[in-house]
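The primary structure of each chain is shown beneath.
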Amino acid sequence: MLRIPCPFCGPRDETEFSYEGDASVTYPALDAPEEDWFEAVFLRDNPRGPHTELWHHANGCRAFLVVERDTLSHEIRSARLAHGPTREALE
Amino acid sequence: MPERASPLEGHDAPRRFGPTGPDGPGVRLSERRLASVWLIAAWPDRLAAAGAAAAKAAGVEAAPGPGASATGEGGTLMRVEPLKWLLIGEAETARPGLDPADGTVLELGHARTVLHVAGPRAVELMARLVPLDLRPAKFPEGAVAGTVLHHVGVTILARDGGFDLLVLRSFGLAVWETLIDTAAQFGAEIA
Amino acid sequence: MQRYNLLSVICGGLTGQKHWQRVWGHPEPKPHYDVVIVGGGGHGLATAYYLAKEHKVRNVAVLEKGWLGGGNAGRNTTIVRSNYMIEGNTEFYEHSMKLWENLSHDLNYNVMFSQRAHVNLVFSPAQRDAMARRYNIMRLNGIDGEFWDRDTLRRRIPHLNHDHGRFPILGAYVQPRAGTARHDAVNWGYARAATALGVDIIQGCEVTGFIRKGGALTGVETSKGEILADRIGLAVAGSSSLMAHKAGLGKLPIESHVLQAYVSEPLKPVVDQVIVFGGVGHFYISQSDKGGLIFGGDLDHYNSYAQKGNLPVYEHVIAACMQVLPCLGRVRVLRQWAGLVDMSMDGSPFITKTEIPGLYLNAGWCYGGFKATPASGHTFAHTIARDAPHPANAGLTLSRYREGRQIDESGRGPVPKLH
Amino acid sequence: MTGFRLPDGGLIDRTRPVTFTWDGRQLRGFAGDTLASALMASGERVLARSFKYHRPRGVMSAGVEEGGALVTVGTGARRTPNLKATEVELAPGLAASGQNAWPNVRFDLGGVNDLFSRFLAAGFYYKTFMGLGGGTRQWMFFERFIRRAAGMGTPAREPDPDRYDVVHDFCDLLVIGAGPAGLAAAGLAAERGLDVMLVEQDFALGGALLGSAERVEDKPGAAWAAERAAALEGVRVLTRTTAFGLYDGNVVGLYERVCDHPGDTDPARPRGNLRIVRPARIILASGAIERPVAFGNNDRPGVMLAGAAAAYLNRFAVAPGRRAVIAGNGDSVYADAMALAGARVETMLLDAREMAPPELAEAAAGVGVEVHSGYVPVEAAGRNGVTGLAIGRPARDGHVRLERTVPCDVIGVSGGWSPAVHLLGHRGARPVWHAEMACFLPGRLYDGVAVAGSVAGVWRTEDCVAHGRAAAAEAVEALSGRRPKAPEAPAPGGWDTPILPLWEVTLKHRKLKSFIDPQNDVTSADVRLAAREGYDSPEHMKRYTTLGMAPDQGKVGNVVGLAVLAEALDRTIPQTGLTTFRPPYTPVPLGAFAGRARDRHWQAERQTPMHKAQDDAGAVWTDAGLWKRAWYHPAQPGESLEDAYVREAAAVRETVGMVDVSTLGKIAVQGPDAAEFLNRVYVNGFAKLPVMKCRYGVMLRDDGIVFDDGVTWRLGEDEFMATTTTANAAAAMAWFETLLQTRWPELRVHVASLTDQWGGAAVAGPRARAAIEAALAEGDISNEALPFMGIVRAKLRVRDGEIPVMIARISFSGELAFEVYARSGHAPAMWRALLAQAKAQGGTAYGVEALGALRIEKGHVTGAELDGRVTLEDSGLGRMASKTKPFIGMALAKRPDLAREDRPRLAHFHPVTEGERFSVGAIVCEEGKVAGHGIGWLTGVTAAPALGGGWLGIGFVRGGPQAWEGRTVVLADPVRGRETRARVASPHQLDPEGERMKGEPTHA
Ligand SMILES: Cc1cc2nc3c(=O)[nH]c(=O)nc-3n(C[C@H](O)[C@H](O)[C@H](O)COP(=O)(O)OP(=O)(O)OC[C@H]3O[C@@H](n4cnc5c(N)ncnc54)[C@H](O)[C@@H]3O)c2cc1C
Ligand SMILES: NC(=O)c1ccc[n+]([C@@H]2O[C@H](COP(=O)([O-])OP(=O)(O)OC[C@H]3O[C@@H](n4cnc5c(N)ncnc54)[C@H](O)[C@@H]3O)[C@@H](O)[C@H]2O)c1
Ligand SMILES: Cc1cc2nc3c(=O)[nH]c(=O)nc-3n(C[C@H](O)[C@H](O)[C@H](O)COP(=O)(O)O)c2cc1C
Ligand SMILES: [Zn+2]
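Chains as they are written, first to last, in my numbering: chain E, 1 to 91; chain Z, 1 to 191; chain B, 1 to 419; chain G, 1 to 1004.
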């Protein structure tokens, strides 16, 4: 069971979260060219090893977290709130 | 204002069930009728200001931090999300005053029902429902946590030596039946 | 190749099993091959077999980093079916089904393909209507498909949870020709037949890089030294992104996830068909000839290369099992394992040339590549040998996403974990 | 001769006799017996039949590594197959029976397979059964017989009556195993104030001490263990509880048998608990498992592990036979032989080592054990039970010279010990081969996980105790935050004279049938055959021979099999490598993982606030995701679905109807940037939507495909309520939070769910306004005050007062319609008040079937059409897309295939022949081309009184209705054996300008 250290709630089971994929994808402006959107929506690094990803604490504090996890050992190195302004407010 | 219907209507008649031991039922289940629920949400750069407004509405010193709650005249103020407090009370209260520049207020008086779990074996029952350590040492009176109960989101408040389970109204009966189903083994009573 | 049949088994019994020949060897890699296939799973081995058999390309090597058939080919729940709706998939999987129906004879190896019917339970009128469209498309393409109403289902599988489930079972859509096969036998059958045709299967040989000359790839770097090749076929399933990066293809529309499977203790016959359901949950179960119930459901929803799963999926899968077969409550899970599935952005695979000359890609198999093994090998061999797709894999291109032609059976969109 | 009960001794409770049945015959044991010990005490020898050859099998161990005695316990719905008799605690009234045999295990026709065993070598089924001439028919013919012969026990066909709980546990330290090491560790940790859990799979604490005569701190081992256990105050001790799996985050899965043992059959309590423990640290003190040796006929009933033979004596006061031969290759067998001799069992000890340890040999001889060093077991005599053992001396060529046969009725064999490192393997750690001790020791340990006792190759009891304490001390240090200094733990070892590795006994001139995996009938010859045929990786050998794939998961056979393979390949054991350890350590019932999520409780049921009001009035229900929605409201009991929905739909067209719409997703969107946010999310604009007005909107996914649609209400300058479809409510909410928290952090918007705050009723039909006005206490809903897509606040008069409501002019049916929203607590009163007025106007309540009919006639799309593959243009909503402001999905919606003109578009279908019908899922084909993928499909059908009264379909057709003017199409429905001709028409035929929705009613 992945135990995810939510900065707001503390360590919690993966069952309270929803995995929302690669956090390193930057989405272009809404009216950016088709090619930029194609790469953001369809192509993934999918690394074996350290991976920066999004977890949504859906059955918890509803916060999105940016988590650094190793996709081979499943070891979780860090977790921080995804929303910058809120992160600063809580620090 | 007319009386509010409960989602447990027809299913919460007082009774005892399961093997109650010599010292009475291990678990007591009841529904707690809320009259007002306000969601107070701060803009990130106005957290303190919104918190102060929330504290004022609840009649408490300061707005509680993560995992905590504070109870005053205006009800119980719980920190449920990084930028949000929930103010619940059994009496009707006015909409909390909050400058729109500091955040927003949302009326949720009817959105949840509160199921109260008490009794000497309440912690054992809860260990069969939610993936949290609710023993007093780890989850003292006034503690708050959002978690999941059989795939249903729920907010738990440690209160009066037992637990308030804030459940979305439409899931109220389903969670109530799960409580009854699991509590039978400890000897239980619907109060 | 030594003939396997009843006579040979009797002869084996009388001679103390002395006369059996080796099924494959441990050859050292040659410096150059016409074609190198990376990945000794079902798809890689089948590709090598069809290259040698259909296209007479015999100077072929299959490079496998572990033991052949040790990837998903050795870990799947062995379900074989061709009940697909979207153009591109329908034709491909039926092409595979036809190859399955004679595979034991082609390979002279009993792959135990047992056509015991694939029964897809339906829980709501909306689900029944949505699936009617898929099974009608199947029938219009000459693929068998029928609907069992409540009474038929009650007669065929009396111990299903007909009356006490959370959702009423309204019936089931069935493909009678579908069923299961013995996964290891498929890998070993293809490996033996390919070896007999002159293919080198080199185990314990990990491809660690590619050799470039000018724009083209001229070979691979491996844990057993450099091997040159005119054409290179990637068939590494869950490791596809890693290989694509090394080959210079950049990012693929793929995420690798752990998919778990479970086997029960061996039992006398209790599940005769393949029983599955989707929509309200996701579950599939069948019984192997040794008596173990083989079952699974959703994948672990996060990216992973770990080949081991976590507890929440046990609860999710087995609660779904108990929902439809509550009589299995006291039957015990004997073993849980996991594979590494290459989930694509629309749930459908790629068997295609790439923008790099001489490099061919076979990937994106999600939950369903075992049933595709024969057709995948057959069409990938054709694509490599002819440098052009076979009709059956014409639709399975990488460029389909740019064209807006997602082959999305579930309609869940570009979220790999949902397919 | 067979086993018999000793007059005294053992840890059983002779004051509590227990009667049970075996194959229908009544037998007697005592509390503290296992089924195996009670059967042995009753002289039963053949308890099972093996998997392939159906050879007779008896008890082969005293623990979970049992390879022989698999039985079925319980009858009817509580029938439980494949239990190891050694793990079944004897309980009053227990009904046990043999399995995998006909007529019974003592006389089994299946035994004939053994005669043909020479033809049934490993993998024979890959080489035959294919039949001639292609196809799968011949194989499937043979398969029926194979399936009946294979499998072991027969499961119940009735639902499991018992329930199980999933329990969430937390602790500082979890100790796995309550032998000397575990008891010591738990004791010290508790003394130092840690919150400790100790789990033990047995029903008694003490581990190996329970089965040995060894004394600890000069008292019997079992007594010492009981004392240590009693001293464990504050420790949560769980017996009958197996740690079956170690997972990421050091989370451990336990299965606790609650009600499967004597004296506790309370119906309210679950049969078992699946416990998920989250310890800060773990100490694995799981001990070691004795290994057999592969020699001739080593599967006959009466052959068992040497430690087990002693355990039946010491723990259960059962002598396994009258004359025993103990054969081993290490020091541990001497204590076993002495225990047997001590119970007046005539005992011979064969020590494979040339030089037996002098003091042990002397002590053994002292109690009458006939010790022979340099001797090994060659072949057991007897069929349904051991009658003798051929013994011999190893020769230089590696084979054994046979000497003589010794009469005996029990053979205790020991080939060494395998530390139970399985749980460490679950997370991928590979064990390390220790050549000198001939066993695999724990390899790399994960942080937070320590080992103690014989699991780490520490063999002496006092060293195990010291090791337990050291591990506990390290845990205390680690949890106190101080850097844990490595306490001095005892090194592996503890045997006076080294073990002599002995895996298999072979004769030069004759092949012995020696079993490595007795359950799957895998012989050493099978392992060599696999190597010879090229299946020479241990993983290939395992799968080709099925070694270690039976219910004991190779706990005793795997290392022996690996040694035989290594020898066949002329390699060392570490070079060959072990297969993978996988959960569960021992099998766990499926019911335990399902917990309470059974039958109706599999997924929670959601009810709208007006559920009870409609249920009391006889509504018939259907499912929409987790919600229950009224399907139809029978006018009288037994009214059919079709009669009801036609009647209900007609009421909406002619007078007034009311439907519960509370299940729609409702999301509050608040803040100064709320309008900008909605502008980006929806294809159409919301910035200029006036306050107290609402607007229909459509959302796309990032890839340009339609995601969801719904009406958004503007309740204030900075406050909207966006409504979504029932199915996508949760997904839409998560999608809004994704955008706000990870893509557009600068937007000042808060979103929150309002779905459960409001109950909603849609009141539709020409007399809708009249019905609502009759119930209004306050508020004006005239066409002027409340125009189409307008919103007003009002008050309804209900039985005990007035309730505030919001009313919006929204129409899904195409008629004049109002959606009335009351707070959930007031919603039942609203429903009753409005329904009374609707009935007064000649109207009725209607359900989702009628709702479907009405929206199909009107040409509105729903989830049936928006199947995750269609675009805005496909669904006839292309004109909604804003040209002036950007929105999610706009870029990828332009991809070539999505912009093609000949894509299937929304259309209506009318049967050409009057009275004909067609169904959803039919495929639209061109005349004469009824094959392939067709040119469209049907998504909805209904009787359509408002459009000429005939049958009506909605769906998609290539190029849209205009491409099929005046041409008929074929609706192919082979699954239902139907094919009908249809005319294609625009889906917007009913009141295309929307006068009914927008203006005064022109008719009625
Ligand atoms: C638990 C589970 C259940 C499944 N159930 C079904 C089912 O019921 N029906 C169905 O149709 N499909 C099923 N599948 C999917 C199916 O098993 C796979 O899609 C299919 O096996 C993939 O193709 P493959 O056999 O070639 O893959 P693999 O067997 O994974 O082959 C890839 C091989 O490449 C090797 N490799 C990787 N990298 C390198 C390298 N750098 N150098 C050399 N070699 C390398 C790997 O070791 C591996 O052996 C299931 C999969 C799993 C995991
Ligand atoms: N003389 C020898 O060669 C030799 C060899 C092995 C063991 N021993 C003796 O065995 C004892 C070893 O002590 P120890 O404490 O290390 O081991 P142990 O075998 O005494 O105790 C281990 C305990 O763990 C339990 N267990 C194992 N796996 C479990 C699981 N997954 N879940 C729950 N319970 C589980 C077992 O039932 C057992 O009770 C000593 O007395 C030692 O002398 C001697
Ligand atoms: C179809 C199928 C049937 C299996 N049956 C059994 C079985 O009866 N007993 C068993 O122990 N393992 C069984 N396994 C699991 C394998 O032993 C092994 O766990 C799996 O091939 C993954 O390999 P790994 O565990 O070495 O990683 C089966 C696997 C598959 C795919
Ligand atoms: Zn959180």
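Don't take each hint at face value.
Per label pair, the in silico range of CB-to-CB distance [what the hints assert, rightly or not]: (1) P11/E with F4/G: 50 to 60 Å; (2) G9/G with H26/B: 33 to 43 Å; (3) D616/G with E177/Z: 56 to 66 Å; (4) R3/E with D616/G: 42 to 52 Å.
Below 30 Å or equal to it, Euclidean Cα-Cα: the simulated DSSO-like pairs (lysine-lysine) are [said to hold, decoys possible]: (5) K138/Z with K839/G; (6) K127/G with K18/B; (7) K508/G with K417/B; (8) K688/G with K795/G; (9) K929/G with K628/G; (10) K30/B with K224/B; (11) K251/B with K795/G.
Bear in mind the hints are in silico, worked out from the structure with no lab data behind them. Every residue, glycine too, gets a C-beta built ideally from N, C-alpha and C.
Going through the hints against the structure:
1. P11/E with F4/G: 50 to 60 Å: holds, 56 Å
2. G9/G with H26/B: 33 to 43 Å: Violated: the Cβ-Cβ distance is about 57 Å, outside 33 to 43 Å.
3. D616/G with E177/Z: 56 to 66 Å: The hinted range 56 to 66 Å is violated for D616/G and E177/Z, with Cβ atoms some 19 Å apart.
4. R3/E with D616/G: 42 to 52 Å: This hint holds: roughly 47 Å between Cβ atoms.
5. K138/Z with K839/G: The hint is violated at about 57 Å.
6. K127/G with K18/B: The hint holds at about 15 Å.
7. K508/G with K417/B: violated, 59 Å
8. K688/G with K795/G: holds, 28 Å
9. K929/G with K628/G: Between K929/G and K628/G the Cα gap is close to 42 Å, so the pair fails against 30 Å, i.e. violated.
10. K30/B with K224/B: holds, 10 Å
11. K251/B with K795/G: violated, 59 Å
Figure legend: structure checked against the earlier numbered hints; hints not met, in rising order: 2, 3, 5, 7, 9 and 11.
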